[in-house]
Structures are given as C-alpha cells and as structure tokens.
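Engineer: The primary structure of each chain is shown beneath.
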Amino acid sequence: MRDLIKGFAINTLSIGALIVIWYGITAARLVPRVFLPSPAAVWHSLSTGFVSGTLLEQTGHTVIAMLAGWFLCSLLGVVLGSIIGVWPLARLSLGPVLEIFRPMPPAAVIPVAIAIFGLSREMSLIVVVFGAIWPALLATVHGFSAIEPRLKEVGAALEVSPQAFVWKIALPNATPDIIAGMRLSMVISLVLVVITNMITGQVGLGSLVVLASRTFDMAGLYAGLCLLAVIGMVSNSVLQFAERWLLSYRQ
Amino acid sequence: MAAGQSIAFDDVGFAYGAIPILSNINFTIEAGTISCVIGPSGCGKTTLLRLVAGFIRASEGAIRVSGKVRTRPSRDVAVVFQDYQRALLPWRTAYENVSLALEAAHVPRAERRERIEVMLELVGLPNHARKFPAQLSGGMQQRLQIARCLAQEPSILLMDEPFGALDAMTRAVLQDELLRIQQKSALTVMFVTHDLDEALYLGNQILALKSNPGRLGRLVDVPLPYPRDQLATKEDPTFLHMRRELFSLTHGGHQG
Amino acid sequence: MSKGFNYRPFVVLAVLLAGWHWALGLHHVESDTLAPPGKVVAELGRLILDGTVLVAARQTLLATLLGLAAGSFLGTLIGLISGLAQPVALAIRGPVEVLRPLPAIALVPLMTITFGLGLAMEVYVIIFAVIWPCIILTQSAVRAVDPRLLEVADVLELSWLARVWKIVLPSVRPRLIVMLRFVGAIALLIAVTVELVSNPWGLGHQMMIAEEGFHPDRMLAYLVVITLMGWCLNWAFVALERHAFTPRLNAN
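Residue numbers (the numbering used here), protein chains in the order written: chain A, 1 to 251; chain B, 1001 to 1256; chain C, 2001 to 2252.
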C-alpha cells in the first residue's frame, strides 16, 4: 500500500514536471503557438467543450465504440480460442490458417469493410472486432494448448470428466494468457476506433482531431489527444487492476 | 480408507517405438505393503510407475490390480508426483485443491468440508487451508499433494520420488508421516526413489532395477520391524548389511 | 498426431477460397464491392508486371524500416539507461504511462500540420508508436539480467561502459531481438494506416484509391500484398531470432 502511494506521488510529480516544461516552452515562445498551444489554452478548450456537452458526446461515442468492440472480440476470441485449443482437429486445421491472417495489419481491412458496409457504425464495429480479436483469440488458444502435462495426469488419475476438466483445470490454467490477450485487444480496439472514426468522420474523438487540425484549432486538437491518452490509460489501468486481483494467487 | 490391493507384474515389457525401456518384469506387490523401486537413473523406474498408474500401456504382458488387468487411470490408484508445484492447481487454495479429488468423485458438497478438514489434519496442514500453493513451502506443498491423493480414497498409492526435491530434514519428517499413515490405513504403496537409504527405511521389499533395457536386478525382502525409527532402524546391523549388499546395484559403475 | 503431412489447413484454405468464389459467382453480377479470387490474382499479376506495386511497396517498406530503426534505437537507448539507473526510471515512468496508451494514429493530423505530408510525417508517427514498447521491453530485459553477472562485473571492477557493453548488452540481446519482431509488426501496421488515413503514397494509399475508384479486384490485390509484406517482415525477424539464438545453444 505504501509503495502504491509512493508510486502514485512520483508519477504525479513527473507528469506535473512535464506540464511545467510544456508551459515553459510555450511561455518562452520556443515553439510557434501554431504547433504547440499553452497548457492553459488546452485546458480552456477542454472545459468549454465539456460544459457545452460536445466533447462529452464525442468522448462517450469513442469510449462506447471501444468497449463494444472489445467486449465482442473478447467474447468471440475466448469462445473460438477455447474450441480451437481444446479440440485437436480444429487446432490442426485452423491454427496454421490463423497464422496466415495474423500478420495482416488490422487497418488494411478498412477499405474492404467500407466497400461492403459503407461508412457506417457497423463497418467500424466489424473492423474493430476483426482487428482486435487476434490477441484474445491466439492467447486463448495458447493458454489451452500449453496446459501443464502434469495437470492432465492429475485429471486422468482422478477420472475428471472432460467437461469438468475444461471448466476446472484448462480454463483457469489459461486465464493468465486470456487476460493478457484481452488487455492487448483493448489497446487495439481503441486504435481501430480512432482510425475508423477519422475516416468516416462520425461523431467521436478521431474526427474531432481531424476537424480541429483542418481549422487549425490547435488547442482543440491537443484536447482531443489528451482525452485519448486518458481513455487509454484508464482502460489499461482498470484491466491491469483486474488482472492483479484475478491472479493474486500467484503472489 | 479402502484396504490395499495387490499389484502383479506379469512378464511386463514396454518399448518406446523401437527402443525397449522395460522387459521381462515379473513380481508381485502384496496388498497393504510398501515396495520401493530403486535403480540407476534411466533404468525405467518412473516408466514402471506410470504403467501401474495407467498413463501408458504395457507393450507386452499385463499389470493386474487384485487380478484385474490395468488399462487406464482410475481413482482407486493415486499418484504423488515429484514436481508437486506442477501437480497442484495454483489458482485453488489448499482446501480447494483437496476438494478437487472429492468433486471428481461426485461427493455431495455437504460432505466435502468435513472430509477435507480430516485430510488436512492428517498431513499436518490444518492451519493453512486458506493459503494458495505459492504461499506454502516445498514440504507443505508436497503434504498438500499427498492430502489430495488420500482424499481420492485410493487403495494403491504410487509415489514417484516424492521427497527427492526436499531438504533432508523435511524428507525425514515426511518419511515418518508416510509410514504412520500407511500403517493406519493398510494402503499398498509403490515408492520410486534413487536413494537406497530411503528405500530400505520405508520398504517391506525392495525391487532393484538394472538398466538398458530396464529389467529386474534383485528382489529382496526387508526384515526390519515396523514402526521404524530414523536412528534405531538406520543403526540396525540388518539395515547396514543390506545397504552394503545393495549399494553396488544402484551405484554400479558410478563410483568415484 | 504428427505422423505424415498435415494437409488440413490447405483443405480449410481451399474451402474458404471456393466459398469466396462461389458466393460472388452466385449473383452473376459485376460487383462494385468485391471480386472473386481469380480476378484478384490476375490484377495482382498485372500490378506486379507494370511495377506500380513495387513502387508502392518500396515506399511503405522505406517508411516502416526508417521508423522502426529510429524508434527502436531511441527506445532501446532510453530503456537501457532507465533500466540501469533507478532514478531515471522513476522520472520517466509517469510520462511513459500517459503517452504510451495514446493511439499513434491520432497524431497524424498534428504531424501533418507540423511536417506536412510525406515520408517525414509517416516516419515520425511510426517512431512515436514504436518507442514506448521498446522502452518498456528493454527496461524489463535489463532488469531480468542475472544479478550474479552484475556482481561479477562489480568484482572485476568494470567501468560503467564496459559493464553495459560486456555484460548487459549481450545478456539482453535475445530479448531485444524478440522485441524487434514485436515492434516491427507495429511499425508496418502504422505505416499502412497512415497511408490509408492521409499520406498520399505507399500500399495503404493505393488500396484506398482502389476502393474509392470501385476497383475491388485491385483493392484486394493490395490487401494480399500488404499481408505478404507483414508475413515477410515477420519471417525475416524469425530468421534473425534463429540466427541469434543458435550460437548460444551451441555454446551450452
């Protein structure tokens, strides 16, 4: 607990120092204002945006799209991954095929998705699921297939039924891998939501950043970036916390 | 606990592909006794145990437990592995790890609690029920594995160098507890070890294997009386005499 | 299980291709959105012969490798220093935690205003995407160096530089190579994405133009090329890993 507080204090201090340096640079006009607005201007942009409600709406859309995509691809990834991991035939036939698709940059499916679904919200959701499912899926497959051989023997000696084996031994055994995969999926979800949002121009932080840059509203652009950083940091911290809690048995 | 069953090896052979690992194994472990298997490393001690466990099947001959041919693992034969840290479920507490054996046997929830507590008491872990394996020392983890194996109510206990990874003190304590539990329950125990002193101290009979391929070297009865004592038994002239006689069998060619 | 040749993945692939072909052929219409596999392959052949694919691929590869080299060099350097000096690690932890989760692509508008469209902007975005994982992975690699080896360095009274050069770098090398494979995939992803979103060159841009011009065969041909490039990059790093790990195994 003490370490936690100390770590938090140091982080706050160093981030504070970063903001002070930022302020110093803008106050001394080392960089033209066009490229780097002052922290105060960004703060002003953030607060007026939230008071008027537009920023809240954009943030909300981005967060919801990210969570929806992440939830769907976690669910699909874990279910498909379990099937492939548990069933040797599926692993033999689908595993190598997945390896072919894996190095494909997820954003590269965006034009295909646009061609099929148009510039719609469904398109964006499908791109997110297609791109962010890999870490969850592959980690689940790995978690299930890399099960400790001793535990298989323990299960055999106890005559544990196949269903009970999956539920009581294989799934908990794969949990650390699954959570690690889900964390990565969350990061990719946010990235893909922003990208599709920038391309489609629908309400959200991605389009906010693009519009702000077109009107040279640098304070607004930085405000959008700050919010994205906060969303990324908060979602990652929440999952990290959940991971620590779920895996507390490892000490 | 169920009374012991006998294990009969009837001309048992095992080959891994074309490589023979064990051949012409003929002997019997009487019900309710402790048999220790010794031999140089790589002589097939563990393979012999895994055959009895039913994890692998003999390529020749048959293993009979109380007359019935053994083909696959079953709950009346428990296996204590040497690498206890891999054989326990790290996400379950000590209590829940023992519970796994009862869940597998479909024991109703209401009955489990008392039986788990008895088992933890028996192996000396009553105060560690809520701890995870990672929070227990090596000796405690091995006790926990033994508790889980006893909870499955076996008639045969197979132990694969169970105390090999523990320090000398813990090892001696656990040897005595194993003897105490075995005397009380009349379990049949097959104990694999590379430690001749341990084999002599625990066993009713000793089965010394020779290697390449693994085959029966010597089969000797140990006439030392039970209960045994870490000091008195190990100073007994019979113990010392047998130790000298068997030494060359296990250490053949490895002296120096 | 491992007996003989595992033909099953090829069956799955054949079924997928046949399904794709059949689903499009069923409508008997010239689709504006998708093309059957045969047409995609034909288009790919045409694009290779007239050289457009090669030009675009070279542009994408150049940005990827430049960004990867600069980003991983900087990231590894910062990671090494902060891994060895605890105060530095504490000082940069906060900023790293804040900046790392920021999707690099969101920087494209800002980078465009600052550097204009072109190679520089794309490379800078890639550097931003690559540098954070490099810092973190290098840091943890340095911390995983066997303390015994560092004690050996103490006993031998090695200078700081000799310590880094002779003890730390050789022991983190395998992990750094694995890291390179990981961030290499990120670099390619970012390069293609920057091109999709705005930068008017490279494979991503060509793919977007094909989509907007209703040339599904060309669009899918570029998708195949991009996937192949990701595959080759991955393969190159795996080969590097093998090469780097083999002498270690022989030495033991």
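It is possible that part of the hints are untrue.
Subject to a maximum C-alpha distance of 25 Å in a straight line, what follows is the list of computed BS3-like cross-link-like pairs (lysine-lysine) [said to hold, decoys possible]:
{"id": "1", "chain 1": "B", "residue 1": "Lys1184", "chain 2": "A", "residue 2": "Lys168"}
{"id": "2", "chain 1": "B", "residue 1": "Lys1234", "chain 2": "B", "residue 2": "Lys1184"}
{"id": "3", "chain 1": "A", "residue 1": "Lys168", "chain 2": "A", "residue 2": "Lys152"}
{"id": "4", "chain 1": "A", "residue 1": "Lys152", "chain 2": "B", "residue 2": "Lys1131"}
Among chain B residues calculated to face chain A with C-beta under 8 Å, some are [stated by the list, open to error]:
{"id": "5", "residue": "Phe1055"}
{"id": "6", "residue": "Ser1059"}
{"id": "7", "residue": "Leu1100"}
These aren't lab readings, by the way, just hints derived from the structure by calculation. Glycine included, each C-beta is placed from N, C-alpha and C at the ideal position.
Engineer: If a hint holds in the structure, say so; if it does not, say that too.
Structural biologist: Against the structure, the hints:
1. The suggested pairing of Lys1184 of chain B with Lys168 of chain A is violated, with an alpha-carbon distance near 32 Å, which exceeds 25 Å.
2. In summary, the hint linking Lys1234 of chain B to Lys1184 of chain B is supported, as the alpha carbons are separated by about 22 Å, within the 25 Å threshold.
3. At most 25 Å may separate the alpha-carbon atoms for a hinted pair to count; Lys168 of chain A and Lys152 of chain A meet this at roughly 12 Å.
4. Restraint check: the Cα-Cα separation between Lys152 of chain A and Lys1131 of chain B comes to about 23 Å, which is no more than 25 Å; the hinted pair holds.
5. Given hint, Phe1055 of chain B at the interface with chain A, holds; its Cβ is 6 Å from that chain's nearest Cβ, closer than 8 Å.
6. Here the hint on Ser1059 of chain B is broken, as its CB sits about 20 Å from the closest CB of chain A, past 8 Å.
7. The interface hint given for Leu1100 of chain B holds, since its Cβ lies 7 Å from the closest Cβ of chain A, which is under the 8 Å cut-off.
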